[in-house]
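From just these sequences and the hints, can you work out the full model?
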Amino acid sequence: ITCDKFSEALAFSLVTEINHAMAKLVDIWDSIGIMEDQRVERMQTVKKHIDGLLHSMIKEEEALRHCIKTNIITSQKQLDTLCLELGLEPYKLEEDLTVLQMEKNLQCRVESLLKEKNERLRELSDLKKQDEELCVTLCATPYYIPSGSVPSRTQLQELQEHVKKLGNEKESRVKVFSGLRQDIRSLMDEMGHEPESSLERESICPDSDIFLLTHDNIKALKLLLSQLEMKKKSLISARDKLKERATSLWNRLSCPESEGEAFREAAMSTLFNDIRRWQGYVEHLEELQMAQLEEVVDKVRQELVVLWDKCMLGPEQREPFSVHFCDDHYTEELLSLHDNELLRMKAFYEAAQPILEDLEKWKRNWALFQEFQRKAADPNRFSNRGGSLLKESKDRAKVQKLLPKLEEELRSHVEVWEKNQGTSFLVQDQRIMDYISSQWEEHRLQKDKEKNERMTKITETSQFKTPTKRALGSTYTTPTPNKIKKMPNMLAPRTATVSSTSSASSSSGLSTTFVCVPGRPQLSAKRNKITEASTGPRVLLQEFNSDKKPVPMSYSAFTSELSRKANTDAFLNSTVKDML
Numbered sequence: 001i002t003c004d005k006f007s008e009a010l011a012f013s014l015v016t017e018i019n020h021a022m023a024k025l026v027d028i029w030d031s032i033g034i035m036e037d038q039r040v041e042r043m044q045t046v047k048k049h050i051d052g053l054l055h056s057m058i059k060e061e062e063a064l065r066h067c068i069k070t071n072i073i074t075s076q077k078q079l080d081t082l083c084l085e086l087g088l089e090p091y092k093l094e095e096d097l098t099v100l101q102m103e104k105n106l107q108c109r110v111e112s113l114l115k116e117k118n119e120r121l122r123e124l125s126d127l128k129k130q131d132e133e134l135c136v137t138l139c140a141t142p143y144y145i146p147s148g149s150v151p152s153r154t155q156l157q158e159l160q161e162h163v164k165k166l167g168n169e170k171e172s173r174v175k176v177f178s179g180l181r182q183d184i185r186s187l188m189d190e191m192g193h194e195p196e197s198s199l200e201r202e203s204i205c206p207d208s209d210i211f212l213l214t215h216d217n218i219k220a221l222k223l224l225l226s227q228l229e230m231k232k233k234s235l236i237s238a239r240d241k242l243k244e245r246a247t248s249l250w251n252r253l254s255c256p257e258s259e260g261e262a263f264r265e266a267a268m269s270t271l272f273n274d275i276r277r278w279q280g281y282v283e284h285l286e287e288l289q290m291a292q293l294e295e296v297v298d299k300v301r302q303e304l305v306v307l308w309d310k311c312m313l314g315p316e317q318r319e320p321f322s323v324h325f326c327d328d329h330y331t332e333e334l335l336s337l338h339d340n341e342l343l344r345m346k347a348f349y350e351a352a353q354p355i356l357e358d359l360e361k362w363k364r365n366w367a368l369f370q371e372f373q374r375k376a377a378d379p380n381r382f383s384n385r386g387g388s389l390l391k392e393s394k395d396r397a398k399v400q401k402l403l404p405k406l407e408e409e410l411r412s413h414v415e416v417w418e419k420n421q422g423t424s425f426l427v428q429d430q431r432i433m434d435y436i437s438s439q440w441e442e443h444r445l446q447k448d449k450e451k452n453e454r455m456t457k458i459t460e461t462s463q464f465k466t467p468t469k470r471a472l473g474s475t476y477t478t479p480t481p482n483k484i485k486k487m488p489n490m491l492a493p494r495t496a497t498v499s500s501t502s503s504a505s506s507s508s509g510l511s512t513t514f515v516c517v518p519g520r521p522q523l524s525a526k527r528n529k530i531t532e533a534s535t536g537p538r539v540l541l542q543e544f545n546s547d548k549k550p551v552p553m554s555y556s557a558f559t560s561e562l563s564r565k566a567n568t569d570a571f572l573n574s575t576v577k578d579m580l
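Taking the UniProt record's numbering, the leading residue of the sequence shown gets 1, the next gets one more, and so forth.
Simulated from the structure, these hints should not be mistaken for lab results.
Possibly wrong hints are sitting among the right ones.
As the list claims (entries may be wrong) - Pairs of lysine-lysine, DSBU-like flavour, derived with a Cα cap of 35 angstroms:
#1 Lys363 x Lys299
#2 Lys128 x Lys175
#3 Lys48 x Lys115
#4 Lys47 x Lys59
#5 Lys24 x Lys48
#6 Lys405 x Lys375
#7 Lys451 x Lys375
#8 Lys69 x Lys115
#9 Lys310 x Lys232
#10 Lys232 x Lys128
#11 Lys375 x Lys449
#12 Lys361 x Lys419
#13 Lys419 x Lys233
#14 Lys363 x Lys419
#15 Lys419 x Lys449
#16 Lys243 x Lys175
Being a predicted model, the structure only gives us computed values, none of them experimental.
Here is the structure:
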């Protein structure tokens, strides 16, 4: 309202000023004496000037208005384009705005969006440059943003994360590359290996940018490293074999202490140099060996015998080499044959050592088992005191439990070995399980033999023992009722029954007496007792004396049978002593 009044006042003031100016012109014209017609003409000129000025001003203002409207339209179009490029919502002008306000608002918004657009494009340019460099180094795929477009904030953020990820991947690969190249360089220096391929030369090159940090290059370096490690192992193995060969030759030749200086020398700077040193030493010792062929061959034969014994080779297994073993024509070829056989036996022993160790463990426990069986057959063992019987029983149970387990482990190990080697594992000219079975069978036959010898000895003793004579008129005295009553059970395998029977017989204070009765052979009562005891429950003796082939039995049945036999033998020996 104030502005409107001020503009009205200005317009009124303008009209007043024009009126005053016209009045002053009229006064001047009057004073000059200008006639009316000239005066009208001059007034028209004044009017013409004022009209021209006003028209000119109006045109200028109309042009300004048109320019403003044009700017508004242009800015609006530019703003719509920027919003579309930047992915923003279209800009909406406020209502009831003048043309100048609309122009100003639109221009400010356009300038703001242009600034944001330029910032995005500059950030995009920097990120794309980093992305391209990293992708070239890592052989990766660049992040895709359509060319000529303004990236959105989301795209810029994703591109930034992509560049960061590639940067981390580059750092990781640089560490892997540096580690691989360092390991390769160290291996080459340790072995004294000179680069042969371009990959080997580039891998030890000090220029770190010579390699692209690609997965293929990493795989190539890892493969090269593994090949060099295998080569190193091969060189170490070759050096150790040369050293072992030199040691073997040195021991065979009984060289003086001065010849052993090579063994005390420190390793050379590289494996290749160390191998050359040992190779020269082996060649020197082999030259000395050629001058002492007979002595060397004999020592190799001694080593072979030791290995054959360790491997438990039987005569048939040793037979193929016996021709060379007995050859007394000493030549280099004969020595070479012996060396090859020695190497073969060492390799076999090394491969079969776990099985041989298991077999040796079984043999130790087998010896303990046989010792316990021998002690179980000794009748005097019941007189021991101090808990030795209890300890012996625990140890025997432990061994009896351990033997089947060891045999099963041996069986499984041998099966695996035979499957891998494609040949049978032989000890003493027979398969290992057959060897174990033969040991059990030999043990069983030995027990049967000892049993038969004891029974034969008892029978012969009872036949030739002179009976006790009684006065005429004496009657035949039978054994005590207690002893007769317990006779059918005296061969029971339980120790408690044996002990109680023996105690009852000794505590009664009675003895069995015999007289000569017409029509009966002497010692008939005693022989009847022995016969009754042996022919009643003891049927095993008949099996032992029969010609039938023994039937294989299980380990548990075998040990149970041996235990029962041992208890029966002990009781029978005690009973016979009482009777005699």
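So, going through the hints one by one against the coordinates:
| no. | hint | result |
| --- | --- | --- |
| 1 | Lys363 x Lys299 | holds, 29 angstroms |
| 2 | Lys128 x Lys175 | holds, 25 angstroms |
| 3 | Lys48 x Lys115 | violated, 51 angstroms |
| 4 | Lys47 x Lys59 | holds, 18 angstroms |
| 5 | Lys24 x Lys48 | holds, 18 angstroms |
| 6 | Lys405 x Lys375 | holds, 23 angstroms |
| 7 | Lys451 x Lys375 | holds, 14 angstroms |
| 8 | Lys69 x Lys115 | holds, 24 angstroms |
| 9 | Lys310 x Lys232 | holds, 33 angstroms |
| 10 | Lys232 x Lys128 | violated, 46 angstroms |
| 11 | Lys375 x Lys449 | holds, 17 angstroms |
| 12 | Lys361 x Lys419 | holds, 23 angstroms |
| 13 | Lys419 x Lys233 | holds, 28 angstroms |
| 14 | Lys363 x Lys419 | holds, 24 angstroms |
| 15 | Lys419 x Lys449 | violated, 39 angstroms |
| 16 | Lys243 x Lys175 | violated, 39 angstroms |
Hint violations for this structure: numbers 3, 10, 15 and 16, all remaining hints satisfied.
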